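Chemist: Sequences listed follow chains A and B, in order. Numbering-wise (my numbering), the first sequence opens with residue 19 and increments by one. Numbering-wise (my numbering), the second sequence opens with residue 12 and increments by one.
What the hints contain is simulated information worked out from the structure, not anything from laboratory work. A hint or two may mislead.
Listed next, the in silico DSBU-like pairs over lysine-lysine satisfying Cα-Cα at most 30 angstroms (straight line) [claimed, not checked]: (1) A:LYS132 x A:LYS27; (2) B:LYS229 x B:LYS342; (3) B:LYS579 x B:LYS707; (4) B:LYS579 x A:LYS132; (5) B:LYS229 x A:LYS170; (6) B:LYS403 x B:LYS266.
As the structure is a prediction and not an experimental result, all values here were calculated from the model.
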Amino acid sequence: MLGFSVNGKRVDLDVDPSTPLLWVIREHLGLTGTKYGCGMAQCGACTVHINGEAVRSCVAPASRASGKAVTTIEGLSPDLSNPLQRAWLEEDVPQCGYCQSGQLMSAAVLLREKPSPTDDDIDEAMTGNICRCGTYPRIRRAIHRAAEMVAKGGAQ
Amino acid sequence: MIGRKMMGENMSRPGAGTGANTGIERRNFLKFSVAASGGLLIGFRFPGISMLASAQQALATAFMPNAFVRIGTDERVTVIVNHSEMGQGVYTSLPMLLAEELDADWTKVGFEPAPVDPKYNHPAFGMQMTGGSSSVWSGLEQFRQAGAAARAMLVAAAAQQWNVDATSCRAESGAVFHGSNDKLTYGQLVGAAAKLTPPAHVQLKDPKTFKLIGKPIKRLDTPEKLNGKAVFGIDVKLLGMLTAVIARPPIFGAKMKSFDDSRARSMPGVRKIVAVPAGVAVIADSFWQAKMARDALRVEWDEGSMASFSTAQMMQDFRERAKSPGTSVRKDGDAAAALSNAAKKIEAVYEAPYLSHLMMEPLNCVVDLRADSCEVWTGSQFQTVDRANAAKVAGLPNEKVQLHTTFLGGGFGRRANPQSDFVVEAVHVAKAAGAPVKVIWTREDDMAGGWYRPAFLHAIEGGVDASGNAIGWRSRSVGQSIMTGTPFAAMMQGKDYDPASVEGIDDLPYAIPNVTVESHQAEVNVPVQWLRSVGHSHTAFAVECFVDELASLAQKDPYQFRRELLLKQPRYLGVLDLAAQKAGWDKPLPNGMGRGIAVHFAFGSYSAHVAEVSVTDGKIRVHRMVCAIDCGQYVNPGIIAAQTEGGAIFGASAALFQELTFENGRLQQTNFHTFPVMRMNECPQIETYIVENNEKPGGIGEPGVPCAAPAIANAVFAVTGKRIRRLPIRLTEAV
Numbered sequence: 019m020l021g022f023s024v025n026g027k028r029v030d031l032d033v034d035p036s037t038p039l040l041w042v043i044r045e046h047l048g049l050t051g052t053k054y055g056c057g058m059a060q061c062g063a064c065t066v067h068i069n070g071e072a073v074r075s076c077v078a079p080a081s082r083a084s085g086k087a088v089t090t091i092e093g094l095s096p097d098l099s100n101p102l103q104r105a106w107l108e109e110d111v112p113q114c115g116y117c118q119s120g121q122l123m124s125a126a127v128l129l130r131e132k133p134s135p136t137d138d139d140i141d142e143a144m145t146g147n148i149c150r151c152g153t154y155p156r157i158r159r160a161i162h163r164a165a166e167m168v169a170k171g172g173a174q
Numbered sequence: 012m013i014g015r016k017m018m019g020e021n022m023s024r025p026g027a028g029t030g031a032n033t034g035i036e037r038r039n040f041l042k043f044s045v046a047a048s049g050g051l052l053i054g055f056r057f058p059g060i061s062m063l064a065s066a067q068q069a070l071a072t073a074f075m076p077n078a079f080v081r082i083g084t085d086e087r088v089t090v091i092v093n094h095s096e097m098g099q100g101v102y103t104s105l106p107m108l109l110a111e112e113l114d115a116d117w118t119k120v121g122f123e124p125a126p127v128d129p130k131y132n133h134p135a136f137g138m139q140m141t142g143g144s145s146s147v148w149s150g151l152e153q154f155r156q157a158g159a160a161a162r163a164m165l166v167a168a169a170a171q172q173w174n175v176d177a178t179s180c181r182a183e184s185g186a187v188f189h190g191s192n193d194k195l196t197y198g199q200l201v202g203a204a205a206k207l208t209p210p211a212h213v214q215l216k217d218p219k220t221f222k223l224i225g226k227p228i229k230r231l232d233t234p235e236k237l238n239g240k241a242v243f244g245i246d247v248k249l250l251g252m253l254t255a256v257i258a259r260p261p262i263f264g265a266k267m268k269s270f271d272d273s274r275a276r277s278m279p280g281v282r283k284i285v286a287v288p289a290g291v292a293v294i295a296d297s298f299w300q301a302k303m304a305r306d307a308l309r310v311e312w313d314e315g316s317m318a319s320f321s322t323a324q325m326m327q328d329f330r331e332r333a334k335s336p337g338t339s340v341r342k343d344g345d346a347a348a349a350l351s352n353a354a355k356k357i358e359a360v361y362e363a364p365y366l367s368h369l370m371m372e373p374l375n376c377v378v379d380l381r382a383d384s385c386e387v388w389t390g391s392q393f394q395t396v397d398r399a400n401a402a403k404v405a406g407l408p409n410e411k412v413q414l415h416t417t418f419l420g421g422g423f424g425r426r427a428n429p430q431s432d433f434v435v436e437a438v439h440v441a442k443a444a445g446a447p448v449k450v451i452w453t454r455e456d457d458m459a460g461g462w463y464r465p466a467f468l469h470a471i472e473g474g475v476d477a478s479g480n481a482i483g484w485r486s487r488s489v490g491q492s493i494m495t496g497t498p499f500a501a502m503m504q505g506k507d508y509d510p511a512s513v514e515g516i517d518d519l520p521y522a523i524p525n526v527t528v529e530s531h532q533a534e535v536n537v538p539v540q541w542l543r544s545v546g547h548s549h550t551a552f553a554v555e556c557f558v559d560e561l562a563s564l565a566q567k568d569p570y571q572f573r574r575e576l577l578l579k580q581p582r583y584l585g586v587l588d589l590a591a592q593k594a595g596w597d598k599p600l601p602n603g604m605g606r607g608i609a610v611h612f613a614f615g616s617y618s619a620h621v622a623e624v625s626v627t628d629g630k631i632r633v634h635r636m637v638c639a640i641d642c643g644q645y646v647n648p649g650i651i652a653a654q655t656e657g658g659a660i661f662g663a664s665a666a667l668f669q670e671l672t673f674e675n676g677r678l679q680q681t682n683f684h685t686f687p688v689m690r691m692n693e694c695p696q697i698e699t700y701i702v703e704n705n706e707k708p709g710g711i712g713e714p715g716v717p718c719a720a721p722a723i724a725n726a727v728f729a730v731t732g733k734r735i736r737r738l739p740i741r742l743t744e745a746v
């Protein structure tokens, strides 16, 4: 049995611990917001947090989550109240939307580490997340906007 | 009802067979609570969660005056959209058209994908499909008429109730008013309106009174794309569903001779391993199990005639081919004579490689095949074709096959496949599976699976007179047709060349008196099809780079040279001037930086880009792209800006990084590391400027792509003095 918490809830699963965490999240837990894009940590669509750290779940064996706290896009906020989600709405970021879960999960770690990120910080944190529709300019603006919301307070 | 069955089955399988005890219930609880609250949790609606909401609504009394709109007693207006949402915003722009004429309360408007039915056919193309940057212009009348008809019936119902003349009533924001006191909401009028006959003729609004059309309204599908709720094809889950991964031929046209599954079949979760026309399908309980077992198969292939295929040799053949005259596409004056009399002339050969669409969501398809029915869930751009092809394999009449369109994690043309390859194979697998099945392509399967943008070569010769006036142009294009041999050959309109091969050259807009355009069709057994901006994706590169070369020959500024040749083309000139002006064309740039310009017409719209580029230590960096777009009358300028930005990045990715090559019949690229996409740290600042006019509406999904490559290549010339004649751009190949 493999035990960890997902979005604050304890789960115990009878799965092969070498299965990539991505597929355990998607297929065993039914949380399909986390996406498959490449299977080799190239595109970032599968980004989740393990104990607050951004992880490419397509190459992380499920065992890596054992005893830890996993957060997926479904756990970012229950009601789109996270400043990043609000900023993404304001900037009308998504097009097809497929990569956006991963983009948001990477951005969430960035904002926690660097509450006022520079463009270079954004480049560094977000370059592992591919968007084929080309929403990068809006993602950049939305991250800055979210940072402003947090700085002004009242966003949490 | 796309969502009802799916949701229902999800709900009835709490953790089935997984040992999970939280995820699925929790997820459904969230969906339920959000749907039930209408998203009021956070102060705005959640239209796309509509899967459940609309199923519920359908059970309640609803007014459905036509195929495109349903209004519930709960005031919810659901617009049924016959085009697929693949990022281009049709789940917002088309509802805007309907809601405008309906005088709906926009906060109550949601969307739902249309089922497959002739009444949802594309008005211009006669089938249900999404492509050609045509959704908005083709839906303009359709959706406005549908909204206006519904409004007329609601107004008539209110007038009846008040016993007044309908012309004395007015509709506004989801309600009908009479005088200063009488008000009935659309929800209150649903029952009465449903009894009325739809009007034969409706009056559309004067554009001056538009409240939604022309405004940068936020997309309706954004919320569910920020919390993991949006359902893409790969997310569909049915009760008892199995997952399949297919061992596919390593070479196009290779046939499976035999396979050894002695290891694979005893691997955990594997249910069946079976030969299908697409290869050998491994059907298992989960994707990872299916993939691991697929990788453990040993398949022997009859490699066939493509076993020695190489793109290097193919391009060499194309170069030879271009030395002889091709099929005549256009002939103005006498280009041969003009070129022989030219004071100065130049020849250049431009090459563009095979490209993968590379949607972020790899291909997938879910099929539930029963004795007398078949249900398909997938992100399709080609509903009519896909359903018919699925029905053929299922051995069922079309009407027994339901195809549910999910969100598409990108399309770019790949999900409009003339043979429905990814749907047909899933029906074959479902036949063998004996249970609902989801076929998932790995990224590598998707990239190697063909149906690429064809590789092209354009050999161009041009000349100027002693005063620097362009006097002659002769171009020869060599490449595969995307139409020949498909059911879409009719789109060649009886021509002896494929118009998609030469679009963007055949309508060369420059005032050059002698122009010859020729086409050679290459026969290569690599499956090809339309990719975002189709022929324009390579012709604009050749044409706009060559025009720059002509400008150099004439010793003129590339912008001014184009201007002089476009004086009788006001809309080309409009975008060209706008882009040049906004970019500050005449303002000097720091050393090591340069600007390039390009202008192009595609899919009914005019586009111009100015790129600012630096070259440092042999590395190209695009810093800024200024885009001007003239798509005539427009619906949502926010979406136009987004599509123009995305188009520029899509074009820049191809220009800077992307190439598919074959050696010994085998594709050399496998995933994002060998077929890169532009990333955040490489992305330029992009500015979009829209030309305001009253012209006929054009497309927007594709017109932003073509100018990117030539604008960047011309900017590289401005920095380095070297010409780029092959994509992707490699400074080592510059001449």
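Chemist: If a hint holds in the structure, say so; if it does not, say that too.
Modeler: Hint check:
1. A:LYS132 x A:LYS27: 28 angstroms, holds
2. B:LYS229 x B:LYS342: With Cα atoms ~47 angstroms apart, LYS229 of chain B and LYS342 of chain B exceed 30 angstroms; violated.
3. B:LYS579 x B:LYS707: 19 angstroms, holds
4. B:LYS579 x A:LYS132: 54 angstroms, violated
5. B:LYS229 x A:LYS170: Roughly 24 angstroms between the alpha carbons, so the hint for LYS229 of chain B and LYS170 of chain A holds.
6. B:LYS403 x B:LYS266: This hinted pair holds, its Cα atoms lying about 22 angstroms apart.
Of the numbered hints listed earlier, those contradicted by the structure are 2, 4.
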